[in-house]
Structures are given as structure tokens and as C-alpha cells.
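A.B. asks: Sequence:
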Amino acid sequence: MVGTSAGGAVAVLYAAGFSFEQIRDVFRNTALRRIAVIDPTRTGLIGQRKLTEYLTNLLGDRTFADLRIPCAVVATDLASGQSVTINEGPLVPALLATAAIPSIVPPLVRDGMILADGGIVNNLPVDVALQLGAEKVIAVDLADAAPGFQLASADTSTPLARLTLAPQQLAIANRALALLIAQTTRLYLEQYPPALLLRPDVDAISTLDLSNPEQGQAAGAAAALAAKDELLALRAWRQNLPAEPPAPRQPSFPRLPTITLPAWAQQAAADRFGWAPPDQLRVAPDDEAELGQVG
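Per the working numbering, residue 1 is the first one in the sequence shown, and the count goes up by one each step.
It should be emphasised that the hints constitute simulated quantities derived from the structure, not laboratory data.
Please read all numbers here as calculations on a predicted model, not as lab measurements.
Beta carbons: idealized from backbone N, C-alpha and C, even for Gly.
There's no promise every hint is true.
[Stated by the list, open to error] Derived CB-CB ranges, DEER-like:
id, residue 1, residue 2, range
1, Q215, L189, 24 to 30 angstroms
2, N87, S19, 33 to 39 angstroms
3, N57, L232, 27 to 33 angstroms
4, P242, A176, 44 to 50 angstroms
5, L234, D66, 23 to 29 angstroms
6, A226, R49, 22 to 28 angstroms
7, T52, R235, 33 to 39 angstroms
8, P70, S19, 15 to 21 angstroms
9, R235, G60, 30 to 36 angstroms
Model the full assembly from the supplied sequences, consistent with the hints where possible.
C.D. replies: In C-alpha cells form, the structure reads like this:
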């Protein structure tokens with residue numbers, strides 16, 4: 001399983017053994033209104049302290065090696081502009097990195113990199129799944145580029161009214177980022193088409209709104225139901241695969257008999273070929289019979 005941003009969180013939690021209901025509760029408990037604290041670094045609108053505490057209480061010191069399903073998340077290194085695949089080490093920092101939405105959540109500084117939301121560069125990491133060994137990929141695209149974005153009428157008559165414009169500022173930034181991500185995703189899909197692409201109808205759900213995960217869950221269920229036949233075909237293909245890859249075959253050699261060479265034979269070989277054979281040689285059964293006839 002491979003995921004970016006919220007998809008990375010779902011992948012890690014499911015690979016760690018969480019049920020769908022438990023994953024839904026995790027999203028509800030990490031809504032902005034529950035985890036918002038002042039960011040002392042001023043690199044994001046909110047700090048990571050509460051989110052880090054919540055994820056640490058949830059996952060402890062578990063690492064990718066502890067997951068029951070192979071899993072990876074994707075982040076973006078703001079320093080190099082490159083996509084970064086994380087599939088080893090502790091889970092909590094990986095989740096903080098892949099979901100660090102620019103200007104909202106501070107990036108994670110790690111190993112000389114400045115890691116932010118993976119969707120900036122690779123929002124649908126089909127290529128990563130293929131590189132990690134997947135033969136067929138089911139991809140879920142949540143990129144929101146649907147037309148119809150609107151702003152509420154702005155009231156700037158009082159200082160209090162002007163404060164209410166902050167959510168609209170976030171909405172504008174989020175919309176701009178979503179359009180860029182959608183364009184990048186289209187290019188990735190042309191180069192790395194998945195076996196099946198699901199596009200749940202989540203246009204009405206804000207990226208920052210985690211308070212109603214049931215809405216997203218229903219959209220995902222509807223998309224899966226619409227692709228029922230394709231999913232069943234992929235399941236049948238998967239069931240026909242070997243349960244485990246066959247163990248590499250070890251070469252088998254027959255046990256060969258041993259013959260002892262007399263000193264004169266060793267000397268004759270040395271004089272003729274410039275090479276002295278050892279005192280004993282192993283020969284195959286067929287050659288042994290021929291040697292017996294000659295001898």
C-alpha cells in the first residue's frame with residue numbers, strides 16, 4: 001500500500017491493523033479544531049504538538065517494519081523539489097511529513113530535508129507502488145479540480161468582520177494548490193496508468209474538513225460499487241497468484257565417486273599439460289564406467 005497525505009495516513013493505519021471504523025475515528029479526532037495550537041516556528045498556521053501527541057499515543061514507537069502489510073508514504077522535499085518515498089523508520093514522523101499541508105501544517109525537517117505534503121509533487125503515487133513491486137495498482141484519485149469554486153461575500157465593515165475572512169484566505173490557497181495538484185496528477189496518470197482508477201465524488205468536501213469522515217467514506221463506497229466488476233476481476237486475478245513466491249531452487253549435484261591418481265599419472269599430466277592434478281578426483285557415474293573399461 002502506498003499513499004500521499006490523507007491517503008498515506010489511511011494506508012499506514014490499515015497496514016497497522018486498524019479497522020475502517022477506527023480509521024474514521026482517527027480522522028474525526030484530528031480535525032483542525034481539535035489539534036490546532038500556535039506554531040512557535042511560524043512555518044504553518046497551526047503547530048504539530050497536539051497532532052504529534054495524538055499520533056504517538058495511537059501508534060507508539062511502531063515502525064514500518066512492524067506493519068502487517070508492506071506500506072510506504074510519499075512526501076515532498078521542499079529543498080530539492082523531489083518526491084521522497086518513506087517506507088522505513090518510525091511511523092509518526094512519516095505521517096507528519098506526508099500530511100504537512102503547506103502554509104497550514106509546518107514541514108518536518110529530517111535528514112537534511114524539509115518534508116511537506118507529498119501531493120505537491122506526486123499526489124497519486126502509482127509509480128512508487130510499481131517500483132516497490134506491485135504488478136497491478138488500484139488508484140484512488142481525490143484531486144479536486146472541479147469547476148464552481150466561489151467565495152462568500154466579504155464584509156470588511158468592522159475589524160471583527162475582517163477576521164472572518166481568514167477561512168476564505170485558506171480556501172483560496174487550498175484551491176490554487178488543488179488545481180496545481182490536479183494538473184500534475186493528470187501527467188502522472190498518462191505515464192503510469194493504474195489497472196483501475198477510482199475517483200470518488202469528494203468535490204464538496206474541503207481538504208481541511210475532517211469533522212465528517214462518513215461523507216468521504218460514503219463517496220468512496222459509491223465509487224467502489226460503481227467499479228464492482230473491475231474489482232471482482234482483480235480479486236480473481238489476485239486469488240490465482242501463488243500464495244508465496246516460490247523459493248529459489250538450489251542447484252543439486254550428484255554425489256560423485258572418488259578415484260586416486262598414482263604418482264606417475266600426476267607427473268605425466270604435469271609434463272603434457274603443465275598442470276598437476278590433485279591426488280584424488282571426483283568423476284560422474286557415466287565417466288566412471290568408461291574409466292573402468294579403459295583401466
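A.B. asks: Does the beta carbon distance between Q215 and L189 stay inside 24 to 30 angstroms, or does it fall outside?
C.D. replies: 25 angstroms, holds
A.B. asks: Given the hint of 33 to 39 angstroms, is the C-beta distance from T52 to R235 inside that range or not?
C.D. replies: Holds: the Cβ-Cβ distance is about 37 angstroms, inside 33 to 39 angstroms.
A.B. asks: CB of P70 to CB of S19, is that within 15 to 21 angstroms?
C.D. replies: 19 angstroms, holds
A.B. asks: Kindly confirm whether 44 to 50 angstroms is satisfied by the beta carbon distance between P242 and A176.
C.D. replies: 47 angstroms, holds
A.B. asks: For the hint 30 to 36 angstroms, verify it against the beta carbon of R235 and that of G60.
C.D. replies: Given range 30 to 36 angstroms: holds, Cβ gap about 33 angstroms.
A.B. asks: Verify the CB-CB distance for A226 and R49 against the hinted window 22 to 28 angstroms.
C.D. replies: Given a distance of about 41 angstroms, which is not inside 22 to 28 angstroms, the answer is violated.
A.B. asks: Does 27 to 33 angstroms hold as the CB distance between N57 and L232, or does it fail?
C.D. replies: Given a distance of about 39 angstroms, which is not inside 27 to 33 angstroms, the answer is violated.
A.B. asks: Can you let me know if the beta-carbon spacing of L234 and D66 is within 23 to 29 angstroms?
C.D. replies: 27 angstroms, holds
A.B. asks: Is it true that N87 and S19 lie within 33 to 39 angstroms of each other by Cβ?
C.D. replies: 23 angstroms, violated
In summary, the numbered hints that this structure violates are 2, 3 and 6.
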